[in-house]
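Engineer: Chain by chain, the residues:
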Amino acid sequence: MTVQLISANHAAAMAATLAGRANRNARGFGGGIYPITPQTECIELLAKQEFEKGGVIPVESEHSAMAVCMGVSLGGARSFTASASNGLAYMAENVVAAGMYRLPILMMAVNRTLGPPWNIWVDHGDTLMLRDSGWMHIYCEDNQEVLDSILFGYRLAEDPRVLLPIMVCQDAFVLSHTMMQTDIPDQEQVDRFLPDLDLPHRLHNDAVTVGGLDFPHETEVHRAQHQEAMDGVAEVYAEIQDEFEQIFGRRPADRIVPYRMEDAKYAVVSMGTTALTVRVAVDAMREKGIPVGAVRMRMLRPYPEKEMIEALAGCEKVAILDRDISLGHGGVLWSETRGTVPPGCVVQGTMLGLGGGDIRPQHIEEVIEDLLERTEDGSPVIKEVM
Amino acid sequence: MQEPVLEGCFKTDQELTDPLLRPGNTNCGGCGMSVAWNMLSHARGKHELQVVIPACCGIVTAGHYPVSSYGAPTVASTFASSAAVAAGLAHVMEMNDENKRAVCFAGDGGTYDIGMATLSAAAERNDDILYICYDNEIYGNTGGQRSSATPLGATTTTTPGGKKLQKKDITAIMAAHRIPYVASVSLAHLEDTRRKMQYALETRGFRFLHVFAPCPTGWKSEQAEGIDLIRMAVDSGLFPVMEIFDGVTTQINIEPSMSDEALETYFSSQGRFKKNKVDIATVRAAIDANWARLRRGVS
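In order, the protein sequence lines correspond to chains S and G. Oh and the first sequence: position 211 is 211 in my numbering, straight run, nothing missing. Oh and the second sequence: position 184 is 184 in my numbering, straight run, nothing missing.
The set of hints was computed from the structure by calculation and includes no laboratory data. No residue lacks a Cβ here, since even glycine has one placed at the ideal position from N, Cα and C. Just to be clear, a hint being listed does not mean it is correct.
Stated by the list, open to error - Label pairs and their in silico Cβ distance ranges:
id, chain 1, residue 1, chain 2, residue 2, range
1, S, Ala224, G, Gly29, 32 to 40 Å
2, G, Trp291, S, Pro160, 53 to 61 Å
3, G, Cys28, S, Asn205, 26 to 34 Å
4, S, Asn205, G, Ala289, 22 to 30 Å
5, G, Ala286, S, Asn25, 55 to 63 Å
6, S, Glu188, G, Cys28, 27 to 35 Å
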């Protein structure tokens, strides 16, 4: 294991490289790649890597990048791509297809504001648009988590009890272009952690049609099976946490990450790098004697409802922060999480840092102070941070 | 008296026991796509195929889960993606030293229109794919809308007054990618069809076959007359039957008689040209100009 000062884009590329090489004794590695700010450095680094078996294919669009991943995966090889923002929007049809084929493709997504007007900074609306595509979603808060979640994600996605694609998401520039000390595992460790991929429904010699036509009753069964696989993720996730820790000496975070919640009457729920800032604000408020804690949503799909209900069980008031907006409703995290609070708990949704605005501890403290004054749920509000 | 086609023995033992297009499929009577499948089945010999079919009649042919009308492993891809999915499959075959063939089987909509960027990119990369376009000049699966392969004058549900524009020259487009092999295929000339399919299966790199496929349902023509219509299209010069190697060397495989009678019968036999009369003189002039251009390129 070596420690290097690298960006999260490079951390992702190195994780994909290690995972790709780890499948060299099986069907190999591949994927389609296409540039878009702010993930380009990831695919550039990946394109420079040597693989004993396979490599990435530069294609003409995100739509085809995911199509190549599907072909690679249907061929039984390990598959990776990366995208962001409007690239994800363009790719969307094949993201859904990869989900419904249940191919264990891993995509690193850099969360970037959807345009127009064009904006390259962080906003979670792009991957949240793909929330219902049948993929697992993980949102990271630092570079190490990006690297670890890619290795972890392959193991989870390829588990025969799961067999679902996974998005590992990171915040544009805040992580993608920020250098941090990052532990990079040895190939030997990754080889031990990631078994050879043996995809049961890969295209073999049998004359079957993968993804043919369904009548309604077959779709019902296929959706139920897909949902069942999602329901089984929590158990597999916990097993893989142990194995990851044994091999790499670090324990990947749980699906949600509570902070100072043991005695908290108030909580702030957030996702991505916002959670780091929230912790600083929570510490400051704690020094003033306010019993506030925080919960970071790490895995949005499958939604960790049981864990969230447990984490928020003692709360009187909860603030839910979104760096996204479902226009005509409110934040996605708010709309999904407000049902998990205990009876009588006040819930307030706040959308802040939309379009990449710089969220500072002071903004979070203002949100907490506002929450303390509330006696009933309010409509979601957009808080300007600039 | 003509010699019997294909040595008078159409079905090989392999076709009888392990056809690519299985009995019981739901294709319309007289479907040219069915004939294209049967010819591929006839030509494939020892080759193992992995087939990618985007949205088109061809994926409805497969039937509904879990059955398949196809005698080869098949992927039903999204509409625009067949060439990219096949690129992924071909990549994995290559890295695992598997001597199989990745085959795309797509209609004109998935080729000329929505799949064009994907197709062009796979051709530019010279991915190891045999791409077969069965061109029935219409979105048949959705009930008969115009595509950019629909010819001048044809009435479709979205060109009720007849199409005012010419169809794209797909062989020229593909040849411009300088891929190893581009060929146009007439289902009325089965020896030529078989030879081209065999050559395309043997050759590596990106190979493109343009199969002119009659669609009695969309063309509003007699089911039994589809192959005759293709023969008329060839004889009249409307559909040049040729092959282009590396985008450079062009060979004409069937010399047309440039018959005006064949041209007139071709148009008058199809309901799609009835409502809005096609000016035969205009078509003839376009055919002659096309052939003049083709002759300049012939080696």
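Engineer: Give a verdict on every hint.
Structural biologist: To see whether the hints hold, each was checked on the structure:
1. Ala224(S) <-> Gly29(G): 32 to 40 Å: holds, 38 Å
2. Trp291(G) <-> Pro160(S): 53 to 61 Å: holds, 59 Å
3. Cys28(G) <-> Asn205(S): 26 to 34 Å: holds, 30 Å
4. Asn205(S) <-> Ala289(G): 22 to 30 Å: violated, 49 Å
5. Ala286(G) <-> Asn25(S): 55 to 63 Å: holds, 58 Å
6. Glu188(S) <-> Cys28(G): 27 to 35 Å: violated, 59 Å
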